[in-house]
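A.B. asks: The primary structure of each chain is shown beneath.
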Amino acid sequence: MEIVKTKEGSVLNVVVKGRLETATAPQLDAEVKGLAADVMDMTFDFSELEYVSSAGLRVILMAQKTMSARKGSFKLAGVNATVKKVLDLTGFSPLLTFV
Amino acid sequence: MDDTSIRNGPQADGTGDSAVSRWWFRVATSLVLAYALIVVAVGLAQHHAADVRSMGEMDYCTTDFAISFNIFADYGLGLGASWIRNQIQASTSTVSQAQLRQWAGLAGLDEINVVAEDGRIVVSTDDEVAAVGKLSGASERFMVLTNGVTDSYSEPFRAGAANPDCCRKYLGVPFKDRPGFLQVGYDIRHSSDVFTAVMRGWTYGEKDTGFFFCARREGDDYRVVMDARADALARCPFDENGEIAPRAKAAHAVWTGKRLRADLHFDLDKILAAIPPTPDVNAALKNFTAKTMRLRFGGEECALRACHIGDMMVGTMLSLSANRSVNRTTTALVAVLLLVAFVAFGFLLLRMISSNRKLSAMREAENRRNAEDLTMAHSIQRTALPVIFPPYPRDLKMDVFARMDPARDVGGDFYDFYYVGDNRLALIVADVSGKGVPAAMFMMKAKTLLKSCVMSMSDLADAVAETNARLCEGNEAEMFVTCWVGVLDEDTGELSYVNAGHNAPYVRHQDGTLTPVDAVSGLFLGAMDGVVYKVNKTKLVPGDLLFLYTDGVTEANNVTHEMFGESRLEEVLRGECVCGMRHFNPQPGKLAPPQDVCQFVRSAVDAFAGSASQFDDITMLALRYRGRPEICGTEESATLESMPKISAFAEAKLEEFGCPHDAKSDMLVALDEILTNVCSYSGSPRVSLQIELARDPKAARFTVIDSGSPWNPLEHLDPDITLSADEREIGGLGILMVKKLMDDVSYRFEDGFNKFSFRKVFG
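Protein chains in written order, with our numbering: chain F, 1 to 99; chain X, 1 to 763.
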């Protein structure tokens, strides 16, 4: 998995490539935990993400909680069908904002 | 008057016809009621009846064994005694103790006493007996041999008064040329060969649900005679004959498999097969009475029956719960026989009733119900055939479908299929002569008998021969049944079959060519007792379709009384045009499901027959053989670090197999979830992945195996996925995803391993 971050002011774009699974999720987890205090608008760009397992969902949930705690916004971009299916069947989709 | 009688004539005939038909409706009603009653009663009584039967048989078998053993011992002692008597009568001098001991050695006897007519011991091989010098105690009963009439007398095995460790049996024969008699004794400890001979072929329990055991009395306890030497079984002499030992081994396996802690060993020096002295069994033996008793043994409900032979206790032990399922077919047979008796009684009763004209109004009312009744009879008969398809949805190796469309409401055809072993599927199609209720009754009998024989006998030809013999018994209606019985080994594709006068099935190969499975094995069943059947063999390759049918297919007539015939059937199966329609035209590269094949044939027959009515039952059974799926696997240490390796292995296999991208992602997600659980929580040092890849339909099954403590993730409740983000917990989501992404998930704990399987179909 590869993570590419682009930060412009308080807007952070995180491109996640490859697979978000048990072996790789800690990488993204570290990014969320070490999130700069000034970020108010975060987007995970999943257009190059193949699939996500529950370890990845955990990070997504944490990102959502973090951003809502600081009254910021959190979005998912470029979600493919496989990932969307997992988000749907675990009941995550209604909690998230897709762009 | 004449005019009236002429007018009344046909009317009277008409009444006669309708009376006959009413009888049949009555019979049908009886059939329905009787069967319903019996099904309910049998359902309720099934366990009880199976247990009673099992326990009755145990009583019989144990007693039978004890009697057989005593008879055998008597016979052996009688032979020995006769031989020694001849030696003594032939010798010119007085017999010495040394001479007697030599003969005892030669005859394998432990004691020989020459007794005078007054009970005095003339000479004995045993110094102590010689010292006493006279018959005493129980031995005094041997004096009956001096009455000039009795030609032999024996006593059962009994512990010696002087030496309780020595359990001896005595037999006496009178001399022919002089007064007095000869008494010979034999110790049970030498009787291993006698036991062996009697026990040869003698074990208890169908399908190895029980076994024979022996225990020896030691003080107040029954201590199992046991020698745990590993070679005890190997030295068992009837091992080579394929009789006792293999079954004993099987019993061993079955019982330990159920964690009964039962163990079975043979020790020929001490004679015996044994169960270890667990407190349960020892207590049971101690309190043992003459009846078969129930006890719980290692959590399993068992029955125990034992009896004494000298200081030995021999008996049978049977797992009731395991035996119940085996007895089910027999109980079903009893139900059918009861049904026949009930219907016969009902028929007799109705004959009497039908003479009562006052009931004619009631009969008319019943006539109106006739159609309804036969429909019920039809549905009852239908439920006797397996109707749930696919019957084995998890079976990747084959797919089977069958249908029986009766010509009248109750048919004489039947089909059946069931497993006779882990990987061996029995397939049956049969056609009973005649139609309607009598044919249906005979069909039920034939189906039940055939199943019970095929399930219980290892040789298919024997099973069919036995069914034939039992169908011939009391077959006064002279009915018969043609049948084709095959057993498919799902792993190898080998198909063993017996064809008893039935239409030859076809094998349709993947390229559309057909091979008739046309070897004939013998006469149809029920016609003549003593017919010998031959087992023929053929082999299916993956992709083959086996098509079984009855003559209702090929003998279907059209309006001009032309028959559908085998050539048209072959055309349909090959996929050619029949009656202007191409019925069988699966997509290229795809194999038609068996259900579709049956439907193709049926619609071709219907198109051919046109408005002509169906006059015979139409029965078809189709089996698609897919073969053993490709299996591969990998094993790694159960750590999060090794997960990518396992995942990469699985991905490579799926890609090689041509798994579509989406399905591959789903499989890999599911694998990630299960591996994460195992690597994080199981405590197992290693984890392995087994992959099964099946074609038609294309499917993959992953099985993740670990040796951690038993843990069934499927037992846990699914998380609430309707909570808001802040209330959400992440636990349990992984399993939920696996369940939702896969077509089939299962967990089992087996041989100390957690085995979690999930499967996805993508073809």
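In case anyone wonders, no lab produced these hints; they're calculated from the structure. Incorrect hints may appear among the rest.
[As the list claims (entries may be wrong)] Result set (DSSO-like, lysine-lysine): computed pairs, CA atoms no more than 30 Å apart in a straight line:
#1 X:Lys740 <-> F:Lys17
#2 X:Lys739 <-> F:Lys65
#3 X:Lys740 <-> X:Lys645
A.B. asks: Run every hint past the structure and note whether it holds.
C.D. replies: Each hint tested on the structure:
1. In summary, the hint linking Lys740 of chain X to Lys17 of chain F is supported, as the alpha carbons are separated by about 25 Å, within the 30 Å threshold.
2. Among the hinted pairs, Lys739 of chain X with Lys65 of chain F is consistent with the structure: their alpha-carbon atoms are about 26 Å apart, no more than 30 Å.
3. For a cut-off of 30 Å, the pair hint linking Lys740 of chain X to Lys645 of chain X stands: about 25 Å separates their Cα positions.
Consistency with the previously given hints is maintained throughout, with no hint failing.
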